[in-house]
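*Asks:* Listed here are the chains, written in short residue letters.
Number of protein chains: 2
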Amino acid sequence: MITSPDNSQLKLIRKLARKKARDEEGMFVAEGDDLVAAAVAAGWEPEALLWAGQDVEPELLDRVSQLGSGTRVIGVYRQRWAEPGGDLSVALHGVGDPGNVGTVIRSAHALADGPVVIGPETADPYGPKAVRAAMGSVFARPPARGRPVGTTVALDADADDVLAPVDGPVTLLVGAEREGLPADVVESADVRARIPLRADGPESLNAAMAATLALYVMGSRSDG
Amino acid sequence: MITSPDNSQLKLIRKLARKKARDEEGMFVAEGDDLVAAAVAAGWEPEALLWAGQDVEPELLDRVSQLGSGTRVIGVYRQRWAEPGGDLSVALHGVGDPGNVGTVIRSAHALADGPVVIGPETADPYGPKAVRAAMGSVFARPPARGRPVGTTVALDADADDVLAPVDGPVTLLVGAEREGLPADVVESADVRARIPLRADGPESLNAAMAATLALYVMGSRSDG
Numbered sequence: 001m002i003t004s005p006d007n008s009q010l011k012l013i014r015k016l017a018r019k020k021a022r023d024e025e026g027m028f029v030a031e032g033d034d035l036v037a038a039a040v041a042a043g044w045e046p047e048a049l050l051w052a053g054q055d056v057e058p059e060l061l062d063r064v065s066q067l068g069s070g071t072r073v074i075g076v077y078r079q080r081w082a083e084p085g086g087d088l089s090v091a092l093h094g095v096g097d098p099g100n101v102g103t104v105i106r107s108a109h110a111l112a113d114g115p116v117v118i119g120p121e122t123a124d125p126y127g128p129k130a131v132r133a134a135m136g137s138v139f140a141r142p143p144a145r146g147r148p149v150g151t152t153v154a155l156d157a158d159a160d161d162v163l164a165p166v167d168g169p170v171t172l173l174v175g176a177e178r179e180g181l182p183a184d185v186v187e188s189a190d191v192r193a194r195i196p197l198r199a200d201g202p203e204s205l206n207a208a209m210a211a212t213l214a215l216y217v218m219g220s221r222s223d224g
Numbered sequence: 001m002i003t004s005p006d007n008s009q010l011k012l013i014r015k016l017a018r019k020k021a022r023d024e025e026g027m028f029v030a031e032g033d034d035l036v037a038a039a040v041a042a043g044w045e046p047e048a049l050l051w052a053g054q055d056v057e058p059e060l061l062d063r064v065s066q067l068g069s070g071t072r073v074i075g076v077y078r079q080r081w082a083e084p085g086g087d088l089s090v091a092l093h094g095v096g097d098p099g100n101v102g103t104v105i106r107s108a109h110a111l112a113d114g115p116v117v118i119g120p121e122t123a124d125p126y127g128p129k130a131v132r133a134a135m136g137s138v139f140a141r142p143p144a145r146g147r148p149v150g151t152t153v154a155l156d157a158d159a160d161d162v163l164a165p166v167d168g169p170v171t172l173l174v175g176a177e178r179e180g181l182p183a184d185v186v187e188s189a190d191v192r193a194r195i196p197l198r199a200d201g202p203e204s205l206n207a208a209m210a211a212t213l214a215l216y217v218m219g220s221r222s223d224g
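As they're listed, the protein sequences go chains A and B. Heads up: the first sequence begins at 1 in my numbering, then just goes up one per residue. Heads up: the second sequence begins at 1 in my numbering, then just goes up one per residue.
It should be emphasised that the hints constitute simulated quantities derived from the structure, not laboratory data. The structure displayed is predicted, hence computed values, not measured ones. Possibly wrong hints are sitting among the right ones.
Said to hold, decoys possible - Label-pair restraints from in silico Cβ distances:
id : chain 1 : residue 1 : chain 2 : residue 2 : range
1  : A       : 14        : B       : 18        : 29 to 37 Å
2  : B       : 53        : A       : 11        : 50 to 58 Å
3  : B       : 220       : A       : 25        : 43 to 51 Å
Beta carbons: idealized from backbone N, C-alpha and C, even for Gly.
Using the sequences provided together with the hints, build the complete structure.
*Replies:* Spelled out as structure tokens, the structure:
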């Protein structure tokens with residue numbers, strides 16, 4: 001039973017709250033029974049696994065928690081990065097909100113077969129808020145880095161065409177919710193398309209909503 | 001220029017961070033240029049409007065901010081509650097996350113013509129996180145309380161039928177993302193339907209994703 005806050009595992013967990021440390025160590029933290037169970041289900045071995053009251057004093061675990069008090073278990077895992085691929089996937093560009101990044105990982109796991117490609121200026125999918133929002137899907141379908149595969153479809157509010165299914169492997173390109181994708185990314189995409197929104201509504205959807213809707217529309221070509 | 005933290009407007013703003021106070025006063029707070037501009041665009045008059053450096057010392061405004069430092073403006077508004085209605089709307093039941101509630105208000109504004117009906121055990125749409133996530137849509141399309149109108153369609157992961165457009169006025173019933181809707185709500189709905197998800201994916205989508213997708217599917221019968 002760990003009884004000192006100077007324990008090396010607790011120190012590691014504290015450290016991994018920072019992106020720089022996650023990058024350096026290549027590890028990340030998952031909190032809570034559900035996430036730890038999802039890791040087991042997906043066959044991931046933890047680098048460290050601390051159950052409150054069993055491996056560590058509950059108060060000490062709470063103190064290193066990013067989610068506040070009452071955490072029953074914290075696991076440390078080695079990051080995995082997939083290669084871009086699949087028949088349908090989404091690549092994020094400038095999506096800075098970690099909750100949105102995690103939510104897209106979960107939606108893509110539910111609606112598509114490819115990993116979420118983490119592009120420039122996008123929140124770390126292995127940060128605590130992203131891991132929480134992904135709800136276990138980060139274990140089942142780790143994110144990817146690299147060049148999007150297949151036909152690239154840029155979601156662009158100003159596009160003439162309405163989003164519609166496309167044949168063959170396809171990667172949806174989704175940008176920040178207000179700025180959208182950078183102009184050069186939109187121009188170099190194979191297809192530019194928009195989600196049809198009401199004329200009297202907001203100019204854009206939340207980035208995670210846009211990605212989820214677009215995955216659904218693109219995926220309806222073959223399944224469902 | 002307000003120079004004392006004991007100023008009554010600053011006290012009111014601080015107080016409205018609590019749901020009980022919002023309920024009692026019937027007011028809420030919106031922070032930031034974008035939200036204040038959205039209020040103007042929708043024709044709302046503020047009860048109070050404090051610009052940093054003009055009406056109040058910036059440091060004092062930061063101290064009452066729920067969003068952290070650097071807030072340029074905070075407005076206080078009187079809550080409005082619409083009647084359920086429209087050809088397409090969504091009613092939330094047990095959606096406790098305020099970010100999800102706000103996101104659904106934004107999505108409904110983009111994809112449907114009816115207000116979001118706030119049901120039992122659902123986060124206050126006038127809380128700071130919900131107002132932020134709704135991104136101005138709370139002014140353009142205030143939430144509703146009351147009985148859902150038209151055909152009620154319960155989103156239920158265990159339903160036999162896949163979600164499909166329905167004629168006439170329709171209200172989608174959306175529950176908490178893991179528990180789903182209470183059994184009696186599902187049973188009393190006119191239609192039970194599910195969003196088709198991959199068999200190897202997560203059991204559910206985030207509640208805001210599910211609501212957004214369902215609104216899109218239901219809305220595709222007439223527009224788009």
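*Asks:* Are the hints correct? Go through all of them and say.
*Replies:* Each hint, compared with the structure:
1. 14/A x 18/B: 29 to 37 Å: Since residue 14/A and residue 18/B have Cβ atoms about 31 Å apart, the given range 29 to 37 Å holds.
2. 53/B x 11/A: 50 to 58 Å: Check failed, 43 Å falls outside 50 to 58 Å.
3. 220/B x 25/A: 43 to 51 Å: Holds - the Cβ-Cβ distance for residue 220/B and residue 25/A, about 46 Å, lies within 43 to 51 Å.
In this structure, only the earlier hint numbered 2 is contradicted, and the remaining ones agree with it.
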